[in-house]
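*Asks:* Residue strings, one per chain:
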Amino acid sequence: MLTSAVTDWTPTAAPSAPAEDGDGDLVRSAANGDMAAFEGLYRRHVGRVHGVIARLVGGHAGRAEDLAQEAFVRAWQALPSYRFESAFSTWLHRLAVNTALMELRARRSRPQASDDEDAFETIGSVDSAGHVTALSMDLERAVATLPPRARAVLVLHDVEGWKHEEIAAELGMAVGSSKAQLHRARGLLRSRLGGHHDA
Amino acid sequence: MTHEHDNDSMTASAGDFPDSLRWQLRSLRRDVAPERDLWPAIAERIAATPQMAARPAPAWRRFAPLATAAALALAIGLAWQLRPAPAPGPDFEGRLLTAEADAMTREYQAALFELNHGVGARAPQELHVLDRSAAQIRTALRRDPDARFLLERLQRTYERRLELTQRLAQPTLTS
Numbered sequence: 001m002l003t004s005a006v007t008d009w010t011p012t013a014a015p016s017a018p019a020e021d022g023d024g025d026l027v028r029s030a031a032n033g034d035m036a037a038f039e040g041l042y043r044r045h046v047g048r049v050h051g052v053i054a055r056l057v058g059g060h061a062g063r064a065e066d067l068a069q070e071a072f073v074r075a076w077q078a079l080p081s082y083r084f085e086s087a088f089s090t091w092l093h094r095l096a097v098n099t100a101l102m103e104l105r106a107r108r109s110r111p112q113a114s115d116d117e118d119a120f121e122t123i124g125s126v127d128s129a130g131h132v133t134a135l136s137m138d139l140e141r142a143v144a145t146l147p148p149r150a151r152a153v154l155v156l157h158d159v160e161g162w163k164h165e166e167i168a169a170e171l172g173m174a175v176g177s178s179k180a181q182l183h184r185a186r187g188l189l190r191s192r193l194g195g196h197h198d199a
Numbered sequence: 001m002t003h004e005h006d007n008d009s010m011t012a013s014a015g016d017f018p019d020s021l022r023w024q025l026r027s028l029r030r031d032v033a034p035e036r037d038l039w040p041a042i043a044e045r046i047a048a049t050p051q052m053a054a055r056p057a058p059a060w061r062r063f064a065p066l067a068t069a070a071a072l073a074l075a076i077g078l079a080w081q082l083r084p085a086p087a088p089g090p091d092f093e094g095r096l097l098t099a100e101a102d103a104m105t106r107e108y109q110a111a112l113f114e115l116n117h118g119v120g121a122r123a124p125q126e127l128h129v130l131d132r133s134a135a136q137i138r139t140a141l142r143r144d145p146d147a148r149f150l151l152e153r154l155q156r157t158y159e160r161r162l163e164l165t166q167r168l169a170q171p172t173l174t175s
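Same order as they appear, the protein sequences are chains A and B.
Under our numbering, the first sequence has 189 at position 189, and the numbering climbs by one with no breaks.
Under our numbering, the second sequence has 163 at position 163, and the numbering climbs by one with no breaks.
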């Protein structure tokens with residue numbers, strides 16, 4: 001979890017970037033304005049960033065790509081505030097989720113917004129890994145057609161592994177509401193899968 | 001993210017949500033490359049986008065610590081209302097909000113420290129709930145330093161915490 005990642009960083013402190021992701025040098029260079037280093041970070045992480053955004057927006061390829069682009073621009077702006085207290089990939093993942101949720105909130109406030117009607121036509125584009133089974137594609141399509149808010153909670157909880165407290169804070173809702181949305185999303189998901197996943 | 005599911009939700013769902021479906025959902029967490037290279041557009045945008053500047057000291061932090069907790073609360077409220085408008089730009093805004101949240105927390109904690117002497121062991125559950133809420137909001141604010149609504153929510157939470165603490169402390173202080 002990204003906590004305390006944007007406060008109390010002192011430049012003189014020994015950087016303790018998690019070594020396992022190997023991003024430390026690129027992050028430090030990019031935070032000093034090195035665009036080539038930032039491109040390196042982009043190449044490393046674009047799949048993960050785009051992946052979580054695509055799941056959150058229901059597989060709308062164009063929107064997911066636009067939001068992934070936006071997330072990287074925001075990351076560039078915010079990089080000097082990254083404090084090496086969590087993995088860069090974790091920090092970036094949080095930022096990507098936040099970018100997608102901001103867009104979902106904005107669309108929610110627009111009465112003419114269409115969120116899901118073209119999901120079935122666009123969700124197939126996420127199958128770029130080449131190893132997606134037909135069953136998981138059915139599941140992916142079903143998730144994509146959930147109402148945006150319920151989908152966001154289900155994706156964050158059941159796919160990304162977030163806790164309700166984190167989801168509630170990110171979505172600006174009560175913890176109980178997050179649990180209720182998850183219950184609703186799971187029920188809708190099972191009904192849309194047509195009973196193939198009965199216990 | 002690699003968080004484990006919290007036990008309550010797993011337990012709550014165990015009866016009506018099959019494990020097979022739960023694991024298939026988890027398997028959806030994978031990298032998905034975009035169909036087009038996004039870098040050229042990103043490079044064009046960030047070339048014209050300044051990174052975060054040095055953190056400025058928010059004006060409201062210049063207020064000196066006040067003598068009493070009640071006066072502190074009043075000063076914090078005033079300083080919040082009179083704070084200068086932040087400079088444009090989400091990067092600047094994010095750092096400013098984070099700095100304001102940190103400073104606000106320190107000031108409120110100082111005020112609450114004074115008052116807690118008057119509350120002692122009588123602190124009700126509501127105080128703990130408000131403390132947890134403040135902690136959750138601060139966590140959310142660290143994740144999203146641009147979310148001004150979170151800072152405002154944090155301020156409201158601290159105000160309620162301070163107000164409740166003052167009410168609880170009053171009988172002791174006047175006795």
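Hint data in this document are derived by calculation from the structure and do not stem from the laboratory.
Predicted model, so just to flag it, every value in this text is computed and none were measured.
Just so it is clear, CB atoms sit at the ideal spot from N, CA and C, and this is done for glycine as well.
Hints may be right or wrong, so weigh each one.
Derived contacts from chain B toward chain A, CB cut-off under 10 Å, selection only [claimed, not checked]: (1) Gln24; (2) Glu126; (3) Arg148; (4) Phe149.
Across the chosen pairs, the derived CB separations fall in these ranges [what the hints assert, rightly or not]: (5) B/Arg167 <-> A/Gly194: 52 to 58 Å; (6) B/His128 <-> A/Ala180: 19 to 25 Å; (7) A/Gly62 <-> B/Arg167: 53 to 59 Å; (8) A/Asp25 <-> B/Thr49: 20 to 26 Å; (9) A/Arg105 <-> B/Ala33: 44 to 50 Å; (10) B/Asp16 <-> A/Arg105: 41 to 47 Å; (11) A/Arg28 <-> B/Thr49: 15 to 21 Å; (12) A/Arg107 <-> B/Thr105: 29 to 35 Å.
*Asks:* Run every hint past the structure and note whether it holds.
*Replies:* Against the structure, the hints:
With a least beta-carbon distance of about 5 Å to chain A, the hint placing B/Gln24 at the interface is held under the 10 Å criterion. The restraint placing B/Glu126 at the interface with chain A is violated, with a minimum CB-CB distance near 16 Å, outside the 10 Å limit. Given the 10 Å rule on beta carbons, the hint for B/Arg148 is violated: about 12 Å separates it from the nearest Cβ of chain A. Proximity of B/Phe149 to chain A holds as hinted, the smallest CB-CB distance being about 7 Å (cut-off 10 Å).
Under the hint 52 to 58 Å, the C-beta atoms of B/Arg167 and A/Gly194, about 56 Å apart, fit the expected range. Separated by about 24 Å at the C-beta atoms, B/His128 and A/Ala180 satisfy the suggested range of 19 to 25 Å. At about 54 Å, the beta-carbon gap between A/Gly62 and B/Arg167 stays in the expected band of 53 to 59 Å. Distance hint check for A/Asp25 and B/Thr49: the Cβ-Cβ separation is about 22 Å, which falls inside the suggested range of 20 to 26 Å.
A/Arg105 and B/Ala33 have their C-beta atoms about 26 Å apart, which leaves the hinted 44 to 50 Å range violated. A hinted range of 41 to 47 Å for the beta carbons of B/Asp16 and A/Arg105 is inconsistent with their spacing of about 29 Å. The hinted range of 15 to 21 Å is satisfied by A/Arg28 and B/Thr49, whose Cβ atoms lie roughly 19 Å apart. Hint check: A/Arg107 to B/Thr105, Cβ distance near 33 Å, so the stated range 29 to 35 Å holds.
Violation of the numbered hints given earlier is confined to hints 2, 3, 9, 10; the remaining hints are satisfied by the structure.
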